[in-house]
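Asker: One-letter residues, chain by chain:
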Amino acid sequence: MKTVDRMSRGIIIALVKAYQRTISQMLKPSCRFYPSCSEYMIQSVEKYGAPRGVAKGLWRILRCNPFSKGGYDPA
Amino acid sequence: MGSIAGVWSTIWNGIIAGLNWLLQGLYRLTGNYGIAIILLTIVVKLILLPLTMKQTRSMMAMQKIQPEIRKLQEKYKDDKERLSQEMMKFYKENKVNPLGGCLPLLLQLPIFIALYTVLRKYLTTPPVLLLGRIFQSGLPNPQALAVKGSLIQSASFLGISNLADTARAAGAAGYVLIGLLALTTWYSQKQVMTDPRQKSMLYIMPLIMAFIAISLPSGVGLYWLTTNVLQILQQYLVERYEKKREAEEEAERARAKKEAKRAGRAAEPKAALTKTPPKTPAKAKGAVTQEKKGAPSKKQVAGGEKGARAKKPAAGGKKASAKKTARPLPKQPPAGRRRPPPKKK
Chain A
1 MKTVDRMSRG IIIALVKAYQ RTISQMLKPS CRFYPSCSEY MIQSVEKYGA
51 PRGVAKGLWR ILRCNPFSKG GYDPA
Chain B
76 MGSIAGVWST IWNGIIAGLN WLLQGLYRLT GNYGIAIILL TIVVKLILLP
126 LTMKQTRSMM AMQKIQPEIR KLQEKYKDDK ERLSQEMMKF YKENKVNPLG
176 GCLPLLLQLP IFIALYTVLR KYLTTPPVLL LGRIFQSGLP NPQALAVKGS
226 LIQSASFLGI SNLADTARAA GAAGYVLIGL LALTTWYSQK QVMTDPRQKS
276 MLYIMPLIMA FIAISLPSGV GLYWLTTNVL QILQQYLVER YEKKREAEEE
326 AERARAKKEA KRAGRAAEPK AALTKTPPKT PAKAKGAVTQ EKKGAPSKKQ
376 VAGGEKGARA KKPAAGGKKA SAKKTARPLP KQPPAGRRRP PPKKK
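Same order as they appear, the protein sequences are chains A and B. For the first sequence, this note's numbering gives the first residue as 1, with consecutive numbering after it. For the second sequence, this note's numbering gives the first residue as 76, with consecutive numbering after it.
Chain B extracted, bound-state conformation (with noise of 0.2 Å):
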């Protein structure tokens, strides 16, 4: 038993050592411990990255199942045994799990609580003690108080005085801090929230949150702020990614069809031949609305040719319209016009 604690104390003891360096590293490129913190935040987060941004993958795909998710919920919602087993029975089916997991949430863990060591051991104890006595110890050393005033100066951000200082400490700008970060947690909560019985977490956390922070260093809570911010941005980010994509890819399908279009226009006999095929097999859902909309015109461009041209403006018009319903398109055009001019690109 003992050499298991042994190996812990080491692992443990290397990260905090592991942190100390790379934050008084940054210290020494920067010199102030405020950026620094903010810096070591950002490298946490970086190695963390990987799987954040699968988590937000996950989370929204889960947004985009959520009344599956409801009905469930109302199915089982007096046996909550059975409801968390259909749920991730629901989750292996659609291959989504809005949860990260257990380990990253303790992966932050550690980090969290080595930082406040470092904080304790490092940053302030040893200098500011040190020379507190000195000064207390009544020998006017100038030296001293310049090495201290320095020290403090450093450990000193943005009107919080020492970073080692737990919030509360540190006056006004303390409280400025741990409001920042009961409205970051709120907000980066908000974005994600998927289910409407969580709404009371989302109050609960940031004070939860403040409560506790208020009584940590402040550097601590620099840490957690600078980590909410980071993650706000990141959720945005993706967000706006993803909800591009999904744009680009309906501007994708509406140019293929437009293109599809002016080819068949192009070479009439073969459109004519053609032009049928895709219709029939679209047997997905939202192609239905098209089909009715579109398919009287196709019968007339496939009757007669003289005919269809007069008419090809307007049925295209009508097209353009029903662009929008029909989404599943299938998505390869039809072997007659595999090619479109090779303009684009």
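So here's chain A without its partners, still in its complex pose (with noise of 0.2 Å):
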């Protein structure tokens, strides 16, 4: 349980640094929030695992839209 833990961490943070590294570039700056969305989503795997980390996540980017007000927002 704990290596499928430690793997799904590792799978998942791999996958969003990938995409800091290349999609992200590409993209003008747009996040409404400090850590940005992508960063905010390797702290809370990192915080609280893989499946509770990504759901947290995802929720940070559809808070991050227009109507909201943004700004500082740890994990």
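Just so you know, the hints here were simulated from the structure itself, not pulled from any lab data. Cβ coordinates follow ideal geometry from the N, Cα and C atoms, glycine included. Certain hints may be false.
Claimed, not checked - Residues from chain B shown here face chain A by an in silico Cβ test under 10 Å; the list is partial:
1. N88
2. L126
3. T127
4. M128
5. K129
6. Q130
7. R132
8. S133
9. A136
10. S159
11. M162
12. Y166
Could you fit the two chains together into a complex? Lean on the hints.
Answerer: Here's what the structure looks like:
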């Protein structure tokens, strides 16, 4: 169970980091929050594990729209 | 895990089916896939309009506070982490945020990919490939030829013979499309650029867009181009509207002032009483210059009614020139002349 947990964390963080290094570079910076959504995803996966961390990260992306205030919002 | 993937693929297929349904419906309506794609873009843009409008507004607010942001950047230029934190704080304090957020960006992505899929899958591959095979199999079926001809014709648009072909394959018209795409990308970015540090982005983005679009179906490029054009148009209209509103507010203030003066002249004793109060509480920065110019004449007005009458035209002229510099006038006229003559409207 522990290895599953660690592996899933590693995979997701690697995926997000790959995104940050490739796709994110091409898009203009657009996140309303600090840390950015992708960074938040990494932090929350590190903090809560893959399932909950991803859920929190996705929720953050949903919140990250022009109707939200944005600002400082740590994982 | 499997069920999650299943849910996602269901959603994804739903998006594609919906988009395809819309595209085919628009095609049946117009008889041309090019026009159908443009209409589809407009529909998508309308759906996203509340989000983008909000974003446009905050971008404009952003341009106004740019100097202060530059100060912040200067202050924390060695510490990027700190800078973005401070910026976020600053945005929150000023209730602006220049960034649209991740959601609008990510929302456009599936639409884009789905359109790509639709163009690949439904617009061309089955009929054209199928007919192509009939054609190649040496069956000189005039009917099949006619069908093929009409299908390709309906997928041709402004010199691009088939919107499902890549822009590269579409020849000159494809390159024109790519060129326009790069140009509109550049311009729509330039419209909203506030930070000079982003200047390199201004040129890099169009190149990236062109580079990607050249190997996508030209229909996708057309979608992209239309999006850009609509974005530029929206930005232009909002900007014009805002400017007009600002000018109107200015005019409103000027008119209120004039009105107040006229009312004051009509009832002079009252004017002497009420004219001084609005001046004294004007603490706003802009009003200082006005106070310097306007105050002496005011005293004369309050001092002697006879003398004031003679001097009034001159004072009025002076005031008119001061009007522009002194914007933050107290909004409501003092109690004495609350109701200006109801002739406007």
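Asker: Under 10 Å is the threshold here; is the Cβ of B/R132 close enough to any Cβ of chain A for the hint to stand?
Answerer: B/R132 check passes; min Cβ-Cβ to chain A is 9 Å, inside 10 Å.
Asker: Should the hint that B/S133 touches chain A count as held when the rule is a Cβ pair under 10 Å?
Answerer: holds, 7 Å
Asker: Does the CB of B/T127 sit less than 10 Å away from some CB of chain A?
Answerer: holds, 8 Å
Asker: Should the hint that B/K129 touches chain A count as held when the rule is a Cβ pair under 10 Å?
Answerer: Where the cut-off is 10 Å and the nearest Cβ of chain A is about 4 Å from B/K129, the hint holds.
Asker: Does the nearest C-beta of chain A fall within a distance shorter than 10 Å of the C-beta of B/M162?
Answerer: holds, 8 Å
Asker: Min Cβ distance, B/M128 to chain A: is it shorter than 10 Å?
Answerer: holds, 8 Å
Asker: Answer holds if the nearest beta-carbon of chain A is closer than 10 Å to that of B/Y166; otherwise answer violated.
Answerer: Hint holds; B/Y166 Cβ to chain A Cβ min 7 Å, cut 10 Å.
Asker: Once the shortest beta carbon distance from B/Q130 to chain A is found, is it less than 10 Å?
Answerer: holds, 5 Å
Asker: For the hint on B/L126, just tell me whether its beta-carbon gets within less than 10 Å of chain A.
Answerer: holds, 5 Å
Asker: Less than 10 Å between beta-carbons is the criterion; does B/N88 satisfy it with respect to chain A?
Answerer: For B/N88, the interface hint is violated, since the closest Cβ of chain A sits about 20 Å away, which is over 10 Å.
Asker: With chain A as the partner, please determine if B/S159 meets the hint condition of a C-beta pair closer than 10 Å.
Answerer: holds, 5 Å
Asker: Taking the closest Cβ pair, is B/A136 under 10 Å from chain A?
Answerer: violated, 12 Å
The structure is inconsistent with the numbered hints 1 and 9, although it conforms to all the rest.
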